[in-house]
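We have chain A already, so just place chains B, C and D with the ligands on it with the hints.
First to last, the sequence lines map onto chains A, B, C and D.
So for the first sequence, the numbering used here puts the first residue at 1; every next one is plus one.
So for the second sequence, the numbering used here puts the first residue at 344; every next one is plus one.
So for the third sequence, the numbering used here puts the first residue at 687; every next one is plus one.
So for the fourth sequence, the numbering used here puts the first residue at 1293; every next one is plus one.
Where hints are given, some of them may not hold.
Mimicking DSS-like on lysine-lysine, the simulated pairs with C-alpha atoms at most 25 Å apart in a straight line are [stated by the list, open to error]:
no.: 1; chain 1: B; residue 1: LYS657; chain 2: C; residue 2: LYS949
no.: 2; chain 1: C; residue 1: LYS1265; chain 2: D; residue 2: LYS1841
no.: 3; chain 1: A; residue 1: LYS153; chain 2: C; residue 2: LYS831
no.: 4; chain 1: A; residue 1: LYS318; chain 2: D; residue 2: LYS1551
no.: 5; chain 1: B; residue 1: LYS661; chain 2: C; residue 2: LYS1100
no.: 6; chain 1: B; residue 1: LYS661; chain 2: C; residue 2: LYS1136
no.: 7; chain 1: B; residue 1: LYS362; chain 2: C; residue 2: LYS1136
no.: 8; chain 1: C; residue 1: LYS864; chain 2: A; residue 2: LYS153
no.: 9; chain 1: D; residue 1: LYS1472; chain 2: B; residue 2: LYS496
no.: 10; chain 1: D; residue 1: LYS1472; chain 2: D; residue 2: LYS1424
no.: 11; chain 1: D; residue 1: LYS1706; chain 2: A; residue 2: LYS318
no.: 12; chain 1: D; residue 1: LYS1470; chain 2: B; residue 2: LYS496
no.: 13; chain 1: B; residue 1: LYS482; chain 2: D; residue 2: LYS1434
no.: 14; chain 1: B; residue 1: LYS482; chain 2: D; residue 2: LYS1470
no.: 15; chain 1: C; residue 1: LYS864; chain 2: A; residue 2: LYS139
no.: 16; chain 1: C; residue 1: LYS831; chain 2: C; residue 2: LYS862
By construction, these hints were calculated from the structure, which means they are not laboratory data.
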Amino acid sequence: MASQAPVTNSIGLALNDYKGAVSTLCAGCGHDAVTGQIVRAFYQRGVDPQRVAKFSGIGCSSKTPAYFLNQAHGINSVHGRMPSVATGALLANRDLIGIGISGDGDTASIGMGQFVHLVRRNVPMIYIIENNGVYGLTKGQFSATADVGSVLKTGVVNDLPPVDLCSLAVELGASFVARSFSGDPKQLAALLEAAIAHRGTAVLDVISPCVTFNNHEGSTKSYTYAKEHEIPLHEIGFVPAYENLEAEYEPGETRVVEMHDGSKITLKKLERDYDPSDRLAALNTLRQTRDEGLFLTGLFYVNPDQEDFTSMLKIHDKPLSRLQEDDLRPGPDVLSAIMQGLV
Amino acid sequence: MASQAPVTNSIGLALNDYKGAVSTLCAGCGHDAVTGQIVRAFYQRGVDPQRVAKFSGIGCSSKTPAYFLNQAHGINSVHGRMPSVATGALLANRDLIGIGISGDGDTASIGMGQFVHLVRRNVPMIYIIENNGVYGLTKGQFSATADVGSVLKTGVVNDLPPVDLCSLAVELGASFVARSFSGDPKQLAALLEAAIAHRGTAVLDVISPCVTFNNHEGSTKSYTYAKEHEIPLHEIGFVPAYENLEAEYEPGETRVVEMHDGSKITLKKLERDYDPSDRLAALNTLRQTRDEGLFLTGLFYVNPDQEDFTSMLKIHDKPLSRLQEDDLRPGPDVLSAIMQGLV
Amino acid sequence: MTVTAQSEATLSRREPLVNDFSIEVATVNGSGSQSANNILMRAIFQMGIPVSGKNLFPSNIAGLPTWFTIRANRHGYIARKADSEIVVAMNPETLQADVQKLRPGAVLIYNSDLKVTVSRDDVIVLAVPFGKLATEACPEVKLRKLVTNMVYVGVVAQVLGIDMAEVEAALRKQFKGKEKAVELNLGAVKAGAAWASENVEAEIPYHLERMDATKGKVIIEGNRAAAIGCLFGGCTVVAWYPITPSSSLCENLIGYLSKYRVKDGKASFAVVQAEDELASAGMVVGAGWAGSRAMTATSGPGISLMAEFVGYAYFTEIPGVFFDVQRTGPSTGLPTRTMQGDLFSLHTLSHGDTRHPVLIPGNPREAYEDAMASFDLAERLQTPVFVALDLDLGMNNWMTEPFEYPTKGFDRGKVLDAEALEKVAEFARYQEVDGDGIPYRTLPGTPHPKAAYFTRGSGHDAHARYSERPADYTFIMDRLARKLDTARTLVPQPVIDWRDAAITLLAYGTSDAAVMEARDQLRAQGIETNYVRVRALPFSRDIHDRIAKSARVYVVDQNRDGQMLELLKLDLPASEIGKLHSIRHYDGLPLDAQSVLEGVLERENA
Amino acid sequence: MTVTAQSEATLSRREPLVNDFSIEVATVNGSGSQSANNILMRAIFQMGIPVSGKNLFPSNIAGLPTWFTIRANRHGYIARKADSEIVVAMNPETLQADVQKLRPGAVLIYNSDLKVTVSRDDVIVLAVPFGKLATEACPEVKLRKLVTNMVYVGVVAQVLGIDMAEVEAALRKQFKGKEKAVELNLGAVKAGAAWASENVEAEIPYHLERMDATKGKVIIEGNRAAAIGCLFGGCTVVAWYPITPSSSLCENLIGYLSKYRVKDGKASFAVVQAEDELASAGMVVGAGWAGSRAMTATSGPGISLMAEFVGYAYFTEIPGVFFDVQRTGPSTGLPTRTMQGDLFSLHTLSHGDTRHPVLIPGNPREAYEDAMASFDLAERLQTPVFVALDLDLGMNNWMTEPFEYPTKGFDRGKVLDAEALEKVAEFARYQEVDGDGIPYRTLPGTPHPKAAYFTRGSGHDAHARYSERPADYTFIMDRLARKLDTARTLVPQPVIDWRDAAITLLAYGTSDAAVMEARDQLRAQGIETNYVRVRALPFSRDIHDRIAKSARVYVVDQNRDGQMLELLKLDLPASEIGKLHSIRHYDGLPLDAQSVLEGVLERENA
Ligand SMILES: Cc1ncc(C[n+]2csc(CCOP(=O)(O)OP(=O)(O)O)c2C)c(N)n1
Ligand SMILES: Cc1ncc(C[n+]2csc(CCOP(=O)(O)OP(=O)(O)O)c2C)c(N)n1
Ligand code: SF4
Ligand code: SF4
Ligand SMILES: [Mg+2]
Ligand SMILES: [Mg+2]
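So here's chain A without its partners, still in its complex pose (with noise of 0.2 Å):
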């Protein structure tokens, strides 16, 4: 057989540099088709994965990362608490891509109070919920975000309101906010590389479902209920700082946010013309089609401009991490100086 030059992108890597260890989540999980977009999003964005760090929670969908972008260091942190140690981190040295992998138990239950903190403080990362409605990890009870009158599959009711990421990201400031759902595999890798090109906290609700405990009749979380409910908001598409864009779009029809890099996120009018920029549109939007039970995914609101926590701290351009003993112990005289106020 004639070998063949494998297929590489714009750094000069194959796609199969981009993957990872083999998943060990049950087969047709949510979760691994999330984990496959991931993939393919960072290789389409030719991210250097060496510069990437992964970052978890607890939970099936913890694991993933594990299972994604083998050449990039990761932490399975502790449940809950994933977004402080990405915080850390990601001040430690701020080269680093950051990418988080969360769950609805991990975020909206134990989670709750970092995840509102992480978003407020917009650190710069890219957010993901692998939504299924249930802690898939300890077998399947609720989690905070299952819809009133959802059933498990022994019966038992959730009577409690769910919590709904989105909109509670968008209300608190949050600057890249979108849902998607793991059967959309389009939608997701454009809001992946969306969210690869934003500066800033990108939340990605991903309706993900767990086939094991809540894929069944009663579930609003079920890869069926999901596809019969899903109305995306626009058409999303990405389009690199080094591609034109002009030529393929006609005005009117598709809304156009340009990102730091130079990129843009275009995204095409279906039935309404949303406006991603309109906080309060968003928030509006998101409770209205709640209210009325729908499932709505898409790029709710971005502000590309928003300032990071890693900039709002006017933090050295050289990582941290990386400053050794000449950057970090002042001389002698400061010591002196504080001594001498002290006398």
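Coordinates of chains B, C and D with the ligands only, in the frame set by chain A:
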């Protein structure tokens, strides 16, 4: 001097019977004003103080339950986790009338997770945040409700966006959400009476200036600032069940919310006509006025019919804490049946 | 396909081993083998043979290696045994490793469809055409995978002499009522048995024979037993957050409560799935303060998260029951492996000078009794009480006598109601009254002007008034220490088998089974031992006395640091400490007798 | 108003006590007396007399009783002394109690406006017309309250013989630059002094005289000292949550970082005020994992909340520095009182088998050095390292030699960068390589294909691959134990004063001052003692050796349970444990020499 019969309320108690220990807060602290209105409201409503349970976390604000209702049990718990303690106690004894006092640090920083889940469960209690934008008890660091650009006496400026606890509560499905100002005793008293009549979580975000650390120019939580910027949404009145309403109000000018116990909240229109039963309107109003930098007070949302947590759990009418062995230990037949199933 | 008994030459022809061996099924989780294994175990149990079942499962939901071991033992030994005599290797991933670890003379049952060569000539190999047999037994492709497992039940039953009637009874029990499932699965069992009876030529050196040692006994997991204890212990508030291996404790409890404690649609309990363990601990504290019997169950990570609240409850003297079903390491340690790793943490949890009672059941009966006792104890002592199970006890199958209905009523402790308040001169919440370190309390909502007090940390005087006075502080702290001393007499007392030997084995919890077995082995070697099984912390005085009477004490711990031994060091007079020797086991597997035996002999023969 | 020296008759007329007494100012917090007290203390210090200042303040912001004690002592004793010779009673609330506790012969200064009768005839009473003097000195009503405090400075200075020039210098330092304030306050001081010189007739039996014992020394709080250590230790990520008494550590650090570590508007650090202590711990863990020197500071309740994260960092081997400025009890305990109550918690924090190094500075210089050392140690050992101060050290004023500039460079530990990775055959994150239990690590972002590994709890093999294999688990656990053993040689070594005596005093942290003083007192009674001051956990071998050489060891603990003694029990051979005797002090006040002395004599004289 001729001895005079003391003035008493509907259950024959004097105002003094609702007082607590002498406050140890700074002279002029906003929290003391809130305490004063709590004493008055419970007196006014003729609540039996021995049926009340007082809860708090940690902070200057959280000390205040010691300063009202001496005849009620109180628990000054741990920082940020009062909601769980209150939940446990109120499930244990459904006859208790629960009131919790927290601070903005206690609720919006360390307590965020528990606050969210308390509200989501609609645990029947009054939940007051004495909001001064700082951690009073630890000497004045910013809390998560401090406004962007707010300045400490030390010159430190807050860069992070504030958490708006009212918006958040409305978003999370709270059944009673109001904001007031410790310098507006009349409104606060009316809201407290309404909160007592409410069955479900009544969230009251009370701007309560810290005279020692956050009452200077540059603070957006000072008396001066709040007085100058307060915009009441409506004029709030409370009409007990046994009083007649009709005579007093002209229709069209006043909205009336009927509470479970037959009492009524009256909301007299001021600048706008506001419907506190419309959650979406509440979110919009809160967001818009916030964006405009206005300090809006009033009853933002109320739904007297929302099921509270005790009802949802279908708990026994007699408090669980009063059930004895007879009620609680099944007979030997039950043990046999269980054992039989295991043979 | 016929059976090759490659190993016959190397096997000594002797009488088969009767009722004393283990069967191990290697498979993947989520493949439905659990029912098959349960049926096998129950069938043996119904034959009157003592049996235990231990599941070694991975920390995921489906598709990873799992081993289930059934030990049948005529002496009643139920501890894990390091290797098994019969191995059913259903998992191609681990097949070679499973084969490698076979002991000589063992029986290997595997799937002949796998087309692998088994390179051991010292074992008996039964290559079973699982695919073919399952297809015949189950025409429906969708169900076939589950049914395949029943084929090995048939094979194993046939070669070991398990009574088919008992297999059928167990199977009916398992699929209760579902006739179609019974029929289908029974067919598969029979196909397996038929295949074995026709094809197995080798003489199988292991055999099961009817006994009468299980009559009236039940099989139960410790978590379920503890749940039953909570039900009868009058628990009214359950606040929990799911975590392996504790979840099934609360889940079972919820099941029982819903079934037996709802009248006219009204529940005599409240269950909250909290948002995390800080919250579940807080709810227990709140409910205990308000006067109800409240509990939570968690595992190590949850215990760590509860540290602040537990310390708070210690200082404020609020009752509450905290179950810890211990597992190995932190969250991403080995959540599905067992360990007695939290003992130290539990006893000393929280900053400051805090000490807590810990009850340590060693079997399901004790889990049931301790669960009941814990509520009495918590209310009597007005303090958080821990019940420390481990994964092995909580989630594995244990044979036990049926539980006895409690003869003692509830002890609700020193609570003053309105009537009592009327009679006392004063009520001082944190006063020493009876000399036992335990004060009196009132409950919120008590209709009496003397009832109310304000609860806060340790910064109070005897009257619950805020105080920073040094003398008030030491008063409170000393009384709390006295209270813990009182607890020594109230907690479950040690289980002691005293033989006036020089050597004492001291163990606790699930180490019991292995220690009992090891003692017999030691005795067989001429070494008699006393046995002290600690049932709770703080230590009863009797434990001190027994140690004083021993020359050497082997302390058996399922953790790295020898935590029980460390706790003894803290409590014993200095002169006794030199007697203590540590036997530690901490690889995540349940303790086996061999490890104990070696631990003792190593020193005794030195 | 004239001064009545009611007590003259009862006082023995002897030489005044020189440079050996305490001045206590009783006031309410928030009343601005802090400046006055600082000025008094500094003036004495500038006279070359060893001095220490301890503030006993309540847990609120303003209006509650506060006592500030200045001890001047020519021998350099700086521990708390149980009672004071000069008492300035400014707080009407506590006046009667303050009078009651006066020792015979003491001097009482109080406000004559208060119209109270002082019913002690064995003390010297100076009734000062504060109101009148302050009004004269300060016509502005608004400022008068603050200025009132300066009046007592003048009175005290005058009666004790404090050099007015030094008072003025101290005052100028206090109000640096603010001329108006200097003038106003100086006026009040002078008014007080003038009043005293005119009105005090009694002979004051206490006197201060110039010495030369403070030259070159500085006065500093331990929290500030630790902050300086962090600054020079190269700390880059600070994640904190305010809590008394630790807040000023981070607040000082932020001040220094902003001043000395910003260049061209770019900071070589990041500070986050986290949402709580779980988050601050998580940030430290994340930052340590990513390769920066990260720290947090908290107190007991925060430590409890960090338990899960600290255990996680132990098992994943992530460096991080955790300061615990210890206080008394839980959140609503006595947050403004001191205690060495967390030692046990810190060393064993988290569930499972976890042990952590703890550095224990005994004075500001050590706080500075330990802060620097902690970052080296955390990175060298790849584990969380605690630095345990207490409120007394952290928030009180200590006299010390100026700090020395570090001579040793940073130790960044075993980190493989891209270049190093190029040279090694393989990189296995959790492998034992050098026999010291410490593996090698790589940092996220390292541009090399061999660099990446996946971090998770303890469920991994030497290559950081997920593993549930028993042997992998024990390998990791044993290596971790070995690492802690390595730590014995790396942590700060004990401070030892060896006199070949039979008795050894063993103490740590802020007990040092009281122990030093008590040793002199013992010596005066003919009892010589050795002194071992533990500087860190785990114990260095030298500590074992010294205990072995002693007949009796008195272990001094500022907590109820004798936590240091307990930790020794866990570490020492059984034969040594009988030598240990406990001296415990746990009323929330700093330890005094008398308590130590009594603790020793009680037994020695028994
Ligand atoms: C502190 C703590 N509490 C509980 C657990 C047990 N636990 C593991 S995963 C999990 C829930 C995971 O749910 P989710 O985040 O929705 O992830 P999924 O498995 O559904 O993807 C829980 C409760 C834990 N590991 N740590
Ligand atoms: C776990 C824990 N962390 C920190 C503290 C210290 N602390 C006491 S009060 C407080 C903040 C209080 O702020 P807020 O709730 O706004 O109340 P305020 O004093 O402003 O009324 C903090 C951080 C504590 N007691 N417990
Ligand atoms: S249990 Fe559910 S969430 Fe977990 S791996 Fe299986 S399908 Fe996915
Ligand atoms: S510090 Fe502030 S919040 Fe606290 S009591 Fe004083 S004024 Fe009130
Ligand atoms: Mg989930
Ligand atoms: Mg506040």
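So, going through the hints one by one against the coordinates:
1. With a C-alpha separation of about 11 Å, the suggested pair B:LYS657 and C:LYS949 falls inside the 25 Å cut-off, and the hint holds.
2. For a cut-off of 25 Å, the pair hint linking C:LYS1265 to D:LYS1841 stands: about 23 Å separates their Cα positions.
3. For the hint pairing A:LYS153 with C:LYS831, the CA-to-CA distance comes to about 21 Å; that is within 25 Å, so the pair holds.
4. Between A:LYS318 and D:LYS1551, the direct Cα distance comes to roughly 19 Å. Compliance with the 25 Å bound is thereby established for this hinted pair.
5. Simply put, B:LYS661 and C:LYS1100 have alpha-carbon atoms about 21 Å apart, close enough for the 25 Å limit, and the pair holds.
6. Taking the CA atoms of B:LYS661 and C:LYS1136, the gap is near 23 Å; set against the 25 Å cutoff, the hint holds.
7. Pair hint B:LYS362 plus C:LYS1136 holds up; C-alpha atoms about 15 Å apart against a cutoff of 25 Å.
8. Pair hint C:LYS864 plus A:LYS153 holds up; C-alpha atoms about 18 Å apart against a cutoff of 25 Å.
9. Annotation: proposed proximity of D:LYS1472 to B:LYS496 holds, straight-line Cα distance about 20 Å (limit 25 Å).
10. This hinted pair checks out: D:LYS1472 and D:LYS1424 have alpha carbons roughly 21 Å apart, not beyond 25 Å.
11. The suggested pairing of D:LYS1706 with A:LYS318 holds, with an alpha-carbon distance near 22 Å, which does not exceed 25 Å.
12. As the CA atoms of D:LYS1470 and B:LYS496 are separated by approximately 18 Å, the hinted pair is consistent with the 25 Å bound.
13. Proposed proximity of B:LYS482 and D:LYS1434 is supported: the alpha carbons are some 23 Å apart, at most 25 Å.
14. For the hint linking B:LYS482 to D:LYS1470, the alpha-carbon distance of about 24 Å falls within 25 Å, and the restraint holds.
15. Taking the CA atoms of C:LYS864 and A:LYS139, the gap is about 24 Å. The hint holds against a cut of 25 Å.
16. A distance of roughly 20 Å separates the Cα atoms of C:LYS831 and C:LYS862; the hinted pair therefore holds under the 25 Å criterion.
Violated hints for the displayed structure: none, as all numbered hints are satisfied.
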